[in-house]
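S.K.: Letter by letter, the chains look like this.
2 protein chains.
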Amino acid sequence: MNNFTYYNPTKVYFGRDTIKNIGRELRENGIRKVMLVCGRQSIFSTGVYDRVSASLVGWHVDFIRFSGIQANPILSKVQEGIKLARQQEVDAVLAVGGGSVFDSAKVIAAGVKYDGDVWDLFTGQARIEEALPIFGVLTLSATGSEMNGNAVITKADENKKWGIGSRHLYPRVSIIDPEFQSTLSARDTVNGAVDILSHVFELYFDGSKNVELMQEYSEAIIRTVMKYIKILLADPDDYEARAQIAWAATLALNNSNGTGRRGGDWASHDIEHSVSAFYNVAHGAGLAVVTPAWMRYVYQEDLETFARFAEKIFNITTGTQEEKALQAIEQLIKFFQEIGAPVTLKELGVQYEDLEKMAENAVQQRSLGRLKKLQKEDVLTIYKMAYK
Amino acid sequence: MNNFTYYNPTKVYFGRDTIKNIGRELRENGIRKVMLVCGRQSIFSTGVYDRVSASLVGWHVDFIRFSGIQANPILSKVQEGIKLARQQEVDAVLAVGGGSVFDSAKVIAAGVKYDGDVWDLFTGQARIEEALPIFGVLTLSATGSEMNGNAVITKADENKKWGIGSRHLYPRVSIIDPEFQSTLSARDTVNGAVDILSHVFELYFDGSKNVELMQEYSEAIIRTVMKYIKILLADPDDYEARAQIAWAATLALNNSNGTGRRGGDWASHDIEHSVSAFYNVAHGAGLAVVTPAWMRYVYQEDLETFARFAEKIFNITTGTQEEKALQAIEQLIKFFQEIGAPVTLKELGVQYEDLEKMAENAVQQRSLGRLKKLQKEDVLTIYKMAYK
Chain A
285 MNNFTYYNPT
295 KVYFGRDTIK
305 NIGRELRENG
315 IRKVMLVCGR
325 QSIFSTGVYD
335 RVSASLVGWH
345 VDFIRFSGIQ
355 ANPILSKVQE
365 GIKLARQQEV
375 DAVLAVGGGS
385 VFDSAKVIAA
395 GVKYDGDVWD
405 LFTGQARIEE
415 ALPIFGVLTL
425 SATGSEMNGN
435 AVITKADENK
445 KWGIGSRHLY
455 PRVSIIDPEF
465 QSTLSARDTV
475 NGAVDILSHV
485 FELYFDGSKN
495 VELMQEYSEA
505 IIRTVMKYIK
515 ILLADPDDYE
525 ARAQIAWAAT
535 LALNNSNGTG
545 RRGGDWASHD
555 IEHSVSAFYN
565 VAHGAGLAVV
575 TPAWMRYVYQ
585 EDLETFARFA
595 EKIFNITTGT
605 QEEKALQAIE
615 QLIKFFQEIG
625 APVTLKELGV
635 QYEDLEKMAE
645 NAVQQRSLGR
655 LKKLQKEDVL
665 TIYKMAYK
Chain B
285 MNNFTYYNPT
295 KVYFGRDTIK
305 NIGRELRENG
315 IRKVMLVCGR
325 QSIFSTGVYD
335 RVSASLVGWH
345 VDFIRFSGIQ
355 ANPILSKVQE
365 GIKLARQQEV
375 DAVLAVGGGS
385 VFDSAKVIAA
395 GVKYDGDVWD
405 LFTGQARIEE
415 ALPIFGVLTL
425 SATGSEMNGN
435 AVITKADENK
445 KWGIGSRHLY
455 PRVSIIDPEF
465 QSTLSARDTV
475 NGAVDILSHV
485 FELYFDGSKN
495 VELMQEYSEA
505 IIRTVMKYIK
515 ILLADPDDYE
525 ARAQIAWAAT
535 LALNNSNGTG
545 RRGGDWASHD
555 IEHSVSAFYN
565 VAHGAGLAVV
575 TPAWMRYVYQ
585 EDLETFARFA
595 EKIFNITTGT
605 QEEKALQAIE
615 QLIKFFQEIG
625 APVTLKELGV
635 QYEDLEKMAE
645 NAVQQRSLGR
655 LKKLQKEDVL
665 TIYKMAYK
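Protein chains in written order, with our numbering: chain A, 285 to 672; chain B, 285 to 672.
Worth double-checking, as some hints may not be accurate.
Which copy? The list can't say, so a pair holds if one copy fits it or any two copies do.
To be verified - As a list, the in silico DSBU-like pairs of lysine-lysine whose alpha-carbon atoms are at most 30 Å apart:
(1) LYS660 with LYS367
(2) LYS672 with LYS618
(3) LYS618 with LYS295
(4) LYS493 with LYS514
(5) LYS439 with LYS514
Worth flagging that the hints you see were computed from the coordinates, not collected in a lab.
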């Protein structure tokens, strides 16, 4: 087990009728004026916005609205938010939405406190030294952004979908009411589940040794998500299934499952980011396509873990380690198909002739992967394996 | 799943050579003078004390020593610590030792800030409104005190071993270096493992519904501890086994595994506390005796979970739920015997004629249990079942 430091100061309210706590929490944290960051539509139709604003009004917290955040949130929108937050002199940002909204709110919070162009924080030209306090009400469980210090933003003109992380970007308080996720489309629900699974895979398959307990935790999340996503597809209103998946999403990426590891692989995420950057596909959809292809490309680097995965997740107990590994990857693809996730780049509308520049783009920030270091040619091969 | 609030602000350093961080952390937290709370001997012989004091000196943090904390720490000693902390006007307490030292340090930290008798905080006559900042260096993984807000103290003259919990009692920083646990005796190591398992059992068997992910996490901890304790008994210097058990101990009782549950059962702990209060046996030893007896007394209240336990932990797949449950309890006793833990009260030196007053004592603070509410007669029956 590697040495680690674990620190996660986010306070989480989880469950039914918990949104009402947001006003009090802001007030108790000394916030007088907050910028409410949100998307375009859903929080208004589901009643989430009404609950949040009622709580803010009830606790005498002023707020301004910054709406219109989209999936794969873009830098120019974040820059607009930073400008508004400065003009309005808000004390904090409040994300109300899914991972894209949380990520945008985080980058706005950091950007307000940084004098230069906020993109400098992504390129490494500057470090995040401070940020406005961040609060959140989550409406789509997937990214884990509600309880970590990470954010991903797309610089659209350069097709760069890049991430940052900082201890200053942990939300102080996040509220997760699974009940409000019952109106999500099957597609959003499935994409969320794939994203959660992918976060676990990135940690599980990073080649770490002596992390038995964390491998067990990972398998616990994988089995739970695979079980409950099917229940949810049959009955989107099943609160208990929503709750299991929602809490799994948070635990998958709140650092707890990363303790003692090498830091995760993250190649599948980076390879997917390049797909999303070019084609604006949903992150979860892209991951369902990319992850099994990545697995087929790298499984020989850690046959033991892939064979273990086969046993613990798919009950594959016969055959050589290699046979088990390959069977498990096929089973995973089959599972993605069963829940209606895409499994080829072609299904996502990707043009074969774009694969080369997508691969070039993917390795632009750095070389990828930990289990196996990937250069452009590796990524291109994975794209080709994922194509049809 | 029940609603819950999760908040755990303790920062944990885990791994080899991490003790050196303590001085810097105290300094960065603005601490100028700290009371180092410790036991009698082991931290001096293992070199832990030297490392801690070197780090404090290096970072110019003054400290005074308050040593002599024993297993099943007692109120009068804590009161002495409170007096000393006040006289010396320390800014914080630093626990260096195992769970008893952490618990004593926590109660000292709360007691310094409370004008009356610190026992009032246990009886409910007063609430913990504040506490000195608490820091810790852990040398025996078992109680989980390093990452939670709980403490247990014994009022010896009344045979009361009672607990308190408060958000003010979370350590700000805890350091866990498993390497320094290699000198622990087999007995201490085993008692620690039993304590960890018992914490998980208290949560796992509390009758909660719809907590699939947390049941999976619980099973992960149980399997991990049962596997690595045997490795440790064969080779006490196996760092990786120490590390697995150490992190399992923290995760077993840092609230994460409690999320969404009914709050845990805790009857076995309370029943054991009365044994320890009368006979000063090690908490883990008492739990190895009491827990299976409690299970035999209550298993019919939740056959499904006991049968699940049989399947997931002992691979018992045939028979009725009841048969599985009973087999699993027998297997657990067998496991305790294999690792050298006591399994009868007689082995602990308990006199049969004391059972009655022990039972009376156990229910003094409140009625026990959640899966099944236990009154004095129930506890007496459990003691009798555990006797020989």
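S.K.: Each of the hints needs a verdict: does it hold here or not?
M.R.: Against the structure, the hints come out as follows:
Proximity of LYS660 to LYS367 under the C-alpha cut-off of 30 Å is found in neither arrangement, the shortest distances being 37 Å within a copy and 67 Å between copies. With identical chains, the CA atoms of LYS672 and LYS618 are at most 30 Å apart within one copy only, with a shortest distance of 15 Å there and 55 Å across copies. Taking the closest pair of Cα atoms, LYS618 and LYS295 never come within 30 Å of each other, the shortest separation being 37 Å inside a single copy and 41 Å across copies. When the C-alpha separation of LYS493 and LYS514 is checked against a cutoff of 30 Å, the pair qualifies only between copies, where the shortest distance is 19 Å, while the shortest distance within a copy is 32 Å.
Taking CA atoms no more than 30 Å apart as the test, LYS439 paired with LYS514 passes in neither setting, with 35 Å inside one copy and 53 Å between copies.
Violated hints for the displayed structure, listed by number in ascending order: 1, 3 and 5.
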